[in-house]
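Visitor: Residue numbering for the sequence shown follows the numbering used here, starting at 122 and increasing by one per position.
Hints listed in this document are in silico derivations from the structure and should not be mistaken for laboratory results.
Keep in mind that the hints are not guaranteed to be accurate.
Cut-off 16 Å, straight-line C-alpha distance, at most; resulting in silico cross-link-like pairs (EDC-like, lysine to aspartate or glutamate) [as the list claims (entries may be wrong)]:
| # | residue 1 | residue 2 |
| --- | --- | --- |
| 1 | 197 | 246 |
| 2 | 276 | 151 |
| 3 | 132 | 269 |
| 4 | 132 | 151 |
| 5 | 168 | 269 |
| 6 | 132 | 144 |
| 7 | 197 | 151 |
| 8 | 263 | 246 |
Simulated restraints on C-beta separations [as the list claims (entries may be wrong)]:
| # | residue 1 | residue 2 | range |
| --- | --- | --- | --- |
| 9 | 223 | 185 | 34 to 42 Å |
| 10 | 278 | 208 | 34 to 42 Å |
| 11 | 185 | 246 | 17 to 25 Å |
| 12 | 252 | 196 | 17 to 25 Å |
| 13 | 270 | 234 | 24 to 32 Å |
| 14 | 260 | 185 | 12 to 20 Å |
Note that the Cβ used here is the ideal one computed from N, Cα and C, for glycine as well.
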Amino acid sequence: MKSSEKNNLLKSHYLYPAALFAEPEPHMVDTILGSCVAVCLYDPVKKIGGINHFMLPFWNGTGLASPKYGNIAIQKLLDKMLALGSEKKNIQAKVFGGGEVVETKSNLFRIGERNIEIALKMLQEQKIHITAKSVGGTLGRKIRFNTETGVVLMKLIQKQHS
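Take the sequences, apply the hints, and build the full model.
Guide: Written as structure tokens, this is what we have:
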């Protein structure tokens, strides 16, 4: 069986912004990123993976501590991987997104850039090796993550002009 045929047999899941996904059963997980960042964690020993999709870098302590925020989303995803039986020493990461896709007169907020910074900083602090990344720039990204193999397919999304 070809790998593309096997991919079609996997359950699929669409990951919305401010969410994360990690299940013991293999899945193909799709998401679309602009200034948001997705961190894919993969354990090659257990052959399981998880992914988050966060919108803003930091939770400020008010309201719900949701995976909308990078510092919450990365920790929650790591906790979920450990709960599924992964050992931290085996976990690898791939990081995507953080493009400055919305043109503003002054890109004062630098949301994409700050999202990238928090992802890289937290993974470094947790001593999780980053095996691949495609971050920054001005284009969005569509990614498809195979949680069983750790393979991520990525396509840059060209801006549509009306």
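Visitor: Each hint should be assessed against the structure and marked as holding or not.
Guide: Hint check:
{"no.": "1", "hint": "197 <-> 246", "result": "holds (15 Å)"}
{"no.": "2", "hint": "276 <-> 151", "result": "holds (11 Å)"}
{"no.": "3", "hint": "132 <-> 269", "result": "holds (11 Å)"}
{"no.": "4", "hint": "132 <-> 151", "result": "holds (11 Å)"}
{"no.": "5", "hint": "168 <-> 269", "result": "holds (5 Å)"}
{"no.": "6", "hint": "132 <-> 144", "result": "holds (11 Å)"}
{"no.": "7", "hint": "197 <-> 151", "result": "violated (19 Å)"}
{"no.": "8", "hint": "263 <-> 246", "result": "violated (27 Å)"}
{"no.": "9", "hint": "223 <-> 185: 34 to 42 Å", "result": "violated (25 Å)"}
{"no.": "10", "hint": "278 <-> 208: 34 to 42 Å", "result": "holds (36 Å)"}
{"no.": "11", "hint": "185 <-> 246: 17 to 25 Å", "result": "holds (23 Å)"}
{"no.": "12", "hint": "252 <-> 196: 17 to 25 Å", "result": "holds (20 Å)"}
{"no.": "13", "hint": "270 <-> 234: 24 to 32 Å", "result": "holds (30 Å)"}
{"no.": "14", "hint": "260 <-> 185: 12 to 20 Å", "result": "violated (31 Å)"}
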